[in-house]
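Line order of the protein sequences matches chains E and S.
Each residue of the first sequence is one higher than the one before, counting from 4 in this note's numbering.
Each residue of the second sequence is one higher than the one before, counting from 4 in this note's numbering.
Keep in mind that the hints were calculated from the coordinates and are not lab data.
One or more of the hints may lead you astray.
Identical copies look the same in the list; a pair holds intra-copy or inter-copy alike.
Okay, derived cross-link-like pairs now, DSSO-like style, lysine-lysine, Cα gap no bigger than 27 Å in a straight line [stated by the list, open to error]: (1) K616 / K277; (2) K277 / K252; (3) K670 / K146; (4) K670 / K450; (5) K277 / K44; (6) K375 / K182; (7) K253 / K146; (8) K277 / K682; (9) K110 / K718; (10) K303 / K491; (11) K110 / K182; (12) K110 / K682; (13) K277 / K146; (14) K303 / K48; (15) K375 / K682; (16) K182 / K491; (17) K413 / K544; (18) K450 / K435.
There are 2 protein chains.
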Amino acid sequence: MATLQDICYSAAINLLSAIAFLFAFAMLRLQPVNDRVYFPKWYLKGIRGSPTHHGGFMKKFVNLDPRTYIRFLNWMPAALQMPEPELIEHAGLDSVVYIRIYLMGLKIFVPITLLSWAVLVPVNMTGGTLDKIKDLTYSDIDKLSISNIAENSVRFWAHAIMSYVFTFWSFYVIYHEYKAVANMRLQFLAAESRRADHFTVLVRNVPADPDESVTDHVEHFFRVNHPEHYLLHQVVYNANKLADVVEAKKAMRNWLTYYQNKYDRNPSTRPTTKTGLWGIIGTTVDAIEYYESEIEKLIKEEELEREKVLSDANAVMPAAFVSFKSRWAAAVCAQTQQSSNPTMWLTERAPEPRDVYWSNLAIPYVEHTIRKFLMAVALFFLTFFFVIPIAFVQSLATIEGIEKVFPFLKHLIEVDSVKSIVQGFLPGIALKIFLIVLPTILMLMAKIEGFHSLSSLDRRAASKYHLFLLVNVFFGSIITGTALEQLKTFMKQSASEIPQTIGVSIPMRATFFITYIMVDGWSGIAAEVLRLVPLIIFHLKNTFLVKTEQDREQAMDPGSISFPISEPRIQLYFMLGFVYAAVTPLLLPFILVFFAFAYVIFRHQIINVYDQKYESGAGYWPDVHRRLIIGQMIAQMLLMGLLNTKGAEELSPFLIPLPILTMWFHKLCKGRFESAFVKFPLQEAMVRDTLERATDPNLNLRTYLQDAYIHPVFKHDPSDKTETMIYYDEEDNPLVATKRSSKFVSDVSSGSGS
Amino acid sequence: MATLQDICYSAAINLLSAIAFLFAFAMLRLQPVNDRVYFPKWYLKGIRGSPTHHGGFMKKFVNLDPRTYIRFLNWMPAALQMPEPELIEHAGLDSVVYIRIYLMGLKIFVPITLLSWAVLVPVNMTGGTLDKIKDLTYSDIDKLSISNIAENSVRFWAHAIMSYVFTFWSFYVIYHEYKAVANMRLQFLAAESRRADHFTVLVRNVPADPDESVTDHVEHFFRVNHPEHYLLHQVVYNANKLADVVEAKKAMRNWLTYYQNKYDRNPSTRPTTKTGLWGIIGTTVDAIEYYESEIEKLIKEEELEREKVLSDANAVMPAAFVSFKSRWAAAVCAQTQQSSNPTMWLTERAPEPRDVYWSNLAIPYVEHTIRKFLMAVALFFLTFFFVIPIAFVQSLATIEGIEKVFPFLKHLIEVDSVKSIVQGFLPGIALKIFLIVLPTILMLMAKIEGFHSLSSLDRRAASKYHLFLLVNVFFGSIITGTALEQLKTFMKQSASEIPQTIGVSIPMRATFFITYIMVDGWSGIAAEVLRLVPLIIFHLKNTFLVKTEQDREQAMDPGSISFPISEPRIQLYFMLGFVYAAVTPLLLPFILVFFAFAYVIFRHQIINVYDQKYESGAGYWPDVHRRLIIGQMIAQMLLMGLLNTKGAEELSPFLIPLPILTMWFHKLCKGRFESAFVKFPLQEAMVRDTLERATDPNLNLRTYLQDAYIHPVFKHDPSDKTETMIYYDEEDNPLVATKRSSKFVSDVSSGSGS
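Let the hints inform the model, and build the full structure from the sequences given.
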């Protein structure tokens, strides 16, 4: 078991590495040449344009002003200065609420840490059990933990009571945070300017009709069942193949630019390439001509495919975006059941246009159910049995395995230094690679399940990742051994034994988790701010592909908060905090440092860097809340188990109400706030409709909504010379429509005024 | 363990008692004097009027026609003759779907029984294990069961495979039954004539407004947020006290009638009564005068209370029935969220007026959550710890206990014969009384939880009773010992051990359950048809209270299907069938007899006797379905446990998919059909609205809906002389209203026609 000194030593190393990252960041961000890596958000907003600094050629790339280097941490207070309302306007609600999670961590754990140190540390320190046992090696850390208390001691009451205090304090913070976020969301939605998704409903599983096309069927259905409210609709095309062609064309254009740049710099030799895989095999050809002809071909193919999609009835998927004349009508349609067959005409609030995940819109109901079922089974195996294929790869990645598969490498790897690298490094790298691709696998699984907006895909992937971390990192670290072995153990143990088995190991693993927090939390977050990968990629692109200012704009990769990865990680810290609050209070300050540090870093990032792909209005908060509750319940169970093994069984009846209360608290919060994240209340919709009719009586909603939900591939691309083709719903005579909508306005106003 | 002979003996006894009940029923039902007990449904329909038979005085009471006695079972084919559509019209969908549960039992278990006897019985019989063990007493029944197969035998594959076949066959039947019931429900709702609840929404948790009364607040809110659709509303009065007074008055009237009848028959002595408790203590007074003055007092009190309720603003509860101009608008309002605070302005489809449970309409949201939580805890304790208070009462009910509490009885109970009765009878009677009052307790708990319609109360009580039967009858009979002891055992066992512990006892308990089916199922159902308690009560009332034909009408108690008691019992039989299908096929025929017999009996009862208090359109079916799935999953787990203890562990991976598939099947059915029982699709609503506008363009909906949702205590009672007082919403000028609604009709029709 690590001593206090070990911990200090490890803390020093991690602090130093964190500071090194921060210092490197402070240096790099001041160089004008990196400006687009560290401040892309401002470029996207159009507030900042390169070059930022006037002066000579040198100054364009390197900052030579020594004064700016002195205060190398001055970005930190700057990051904290922007007030929250401004921040919401600047970065969107998703980002602001995301950093509130870190702040909530502080709100929950600062008082808990103080209380825990004030009450439990003295109780533990004077326990004196470890001093009595002579032949036991123990550290100062253990003296501060629950391990120092004798079996069956009355002192355990302190831990049980504090566990109640901690729980109630967490309830208080979590409840108010949920309330605050729900209010922020409602305000945010109310303050938003007019958006297409307010008026639009996504309709899926349009039943096939032998006599009518999908578009006619949709129109007739909604004209009949929502008369006076239906405005227009856009059918969804299966343009996946077209999107592929467009993507391929874009890649070819990049290569063409690359070779043209190369030729411009060195006009003596025309660059060549090979036609085969990745330009390394095949016949050698003139690169510029080759890519020009390829692009020509792709443009023709795109043209053909575009026509095919628009003319082929089979390319229309049984889904549509239906727009209504008012927010009220759209809210009504989204929340009600249309048909007596509940698997047909499924309606829901349309995601905002950039949030739509187009490929999944056509999945029929039963297939959806089967996909979900299969993915649930797959997730179970992935979580509990992922070790098996990795162990298999690892067994191949030994010296003998490599010699068998690649005999020509035999002489090379027999060299001692290479051998030791292979033996020490290769087995670990298989696991590392798996963990790096894991979020991608989970996202792929979410996509297979058939969710049809990016935000729901992110949320789903986050749930899966949370389960994985819980089983393999948290429980996996406490009970050493693979998840598979854990599962076997648990299957053989009784319901009351499982918390005991885990609980008894908890105090022993405190030092491990402290180190984990420092490595993953402190240094990991500091590495986040440095953005090493985007930095390198930007400079590579800048060197080889950028010709115009516009190209440079495209080479910029602001990135975004990777919610499916980061949020489950925060939850791990929350759970560690809940679990160790009553067991090893020493761990809490490390978590506090993590939350505070991460809060500042991410606040800086959302101000200066990230550009979110969509805005869900903090729609993920119910998930965050649920996972907090899961963390609390696990902590309560484990404390009960731990106290049981310590001979304090009489405390069990006292502690049993805790998880029940927590469950009830969850239900209360869910009932109280969740619908703010799921439904759009009619009252709000009516207020906004009335306001809009008063302020903008001549609004032509039809023109506004006509092109809102068109597959991005049909939209006009400024870098593209091809004509934009937008599909208009020809059937609607604009004259009739205008008349009808104005009549509707007068109807509603006379109705509400009477 | 019982032998085949024991079973035959028991079967003979139960069959004889069932036949005796049926014979008694056949005799009694032919007597004209019992006509109102056995055919009340026809009286209520107005088709039958007493006396049915012409002839002398004697013939009015006793049927002297010998021919009618010969075919004493001829009611059975008669019960089966009425075709289903006619039956739905005659008895309502709730009753018809209820008897379909029995029919579904036959559909599921007839093929399973045949298969099981064709495949598993031969496999078991030739197992030959029991023959080899010389010193084991076994019966022929055991030779037919899985016990006869040797450990680790390859024959267990037959059981595992048959378990899949049984599961898939059940899936097939259950799926099609769900589909059929959903269709029947939709057809039933579509065929219904105009009903007030189609146009009405129950609004609860109207927020308090300091400036407005509840009624104004409701009107303004819905006029603003559902303009063009809002028609009128009725607030809910807290008339619980008034209802009590009216109830008390009715009881007094009954006593007055009783004494007046007594005086009429024997005019020589005026009847007297005592003023104290139940008329047995207190001062003696003239009965007729006493009750007349009491009724006088109560009438005054009622008058006062009535005025108080109608004038006092505090008597108005924060709930209202809001009616709309179309079914479409009501469906929209019921399915959408009104306010951004999801605990305010809660809307739902109004239950039909006679289904409303008035006392629960005013419970605020948070209190609702707390009540549910408390009742969940209470149900847990009731299920697992109900033995404790009963054991306490039983300990008092011993000879010593009685002698201690009632010393004066000492001499009496020391007599040997009395002593043996006390010892043998009293301890059991405490349990029996508890089991008789249990449904009442569960219904009370459901009422405390705050459900606001009789149908939802019934469904909720049924869920609770099902849990109780599952734990205390099913598991309690398999593992002898109280539920409390079971709970202790299970807490100490691992998740994989529990099914083994139970599974291993299953074949041994087969004979017990066969006897249970015969006593509870066969004889119990036969007793149901006899209606002994209503028979006695009717004749008592008829003798003492009935003066006019109208009184006789009121003395009739048709009763209704007691869904919260009967449905969970059927589920117990389903579960026994699922569990024993693969273990002891001998049990299945007994279940088949039960289902067939109960089907005929209940079909007769719903045709001739029961008068349902409300009509929910088979709204309980999702519950029935869920419990069937629970039964299947328990059966699958137990089979797995049983096979594990038999050394057939290699079958576990083969059987594990079964419960997972069952879970998935449940989700599929739920998604596919459940919303038909929860929501009212807009398409249906629109079709009915359009149809009604075409067929009945001059309908005055306002008049139709005005008094629909008035507390029954304000409604005109034909036996009451007090003036009916109905509260009219004075604010609405009928002239304006008519104009507005006619305008709406023209708007909608022009809108849908365009």
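Now for the hints, and whether the structure bears them out:
1. K616 / K277: For K616 and K277, neither the intra-copy (36 Å) nor the inter-copy (84 Å) Cα distance is at most 27 Å.
2. K277 / K252: Classified as within: same-chain Cα gap 18 Å, cross-chain 103 Å, threshold 27 Å.
3. K670 / K146: Neither: 39 Å inside a copy, 52 Å across copies.
4. K670 / K450: Between copies only: 20 Å across, 29 Å inside.
5. K277 / K44: neither (38 Å within a copy, 91 Å between copies)
6. K375 / K182: between (32 Å within a copy, 22 Å between copies)
7. K253 / K146: Neither: 63 Å inside a copy, 76 Å across copies.
8. K277 / K682: neither (56 Å within a copy, 63 Å between copies)
9. K110 / K718: neither (46 Å within a copy, 57 Å between copies)
10. K303 / K491: Result: close neither inside a copy nor across copies, 59 Å intra and 75 Å inter.
11. K110 / K182: within (15 Å within a copy, 52 Å between copies)
12. K110 / K682: neither (29 Å within a copy, 42 Å between copies)
13. K277 / K146: neither (68 Å within a copy, 79 Å between copies)
14. K303 / K48: neither (35 Å within a copy, 78 Å between copies)
15. K375 / K682: both (23 Å within a copy, 24 Å between copies)
16. K182 / K491: Neither, since 41 Å and 40 Å both go past 27 Å.
17. K413 / K544: For K413 and K544, neither the intra-copy (38 Å) nor the inter-copy (105 Å) Cα distance is at most 27 Å.
18. K450 / K435: within (24 Å within a copy, 57 Å between copies)
The structure fails to meet hints 1, 3, 5, 7, 8, 9, 10, 12, 13, 14, 16 and 17 from the earlier list, while all remaining hints are met.
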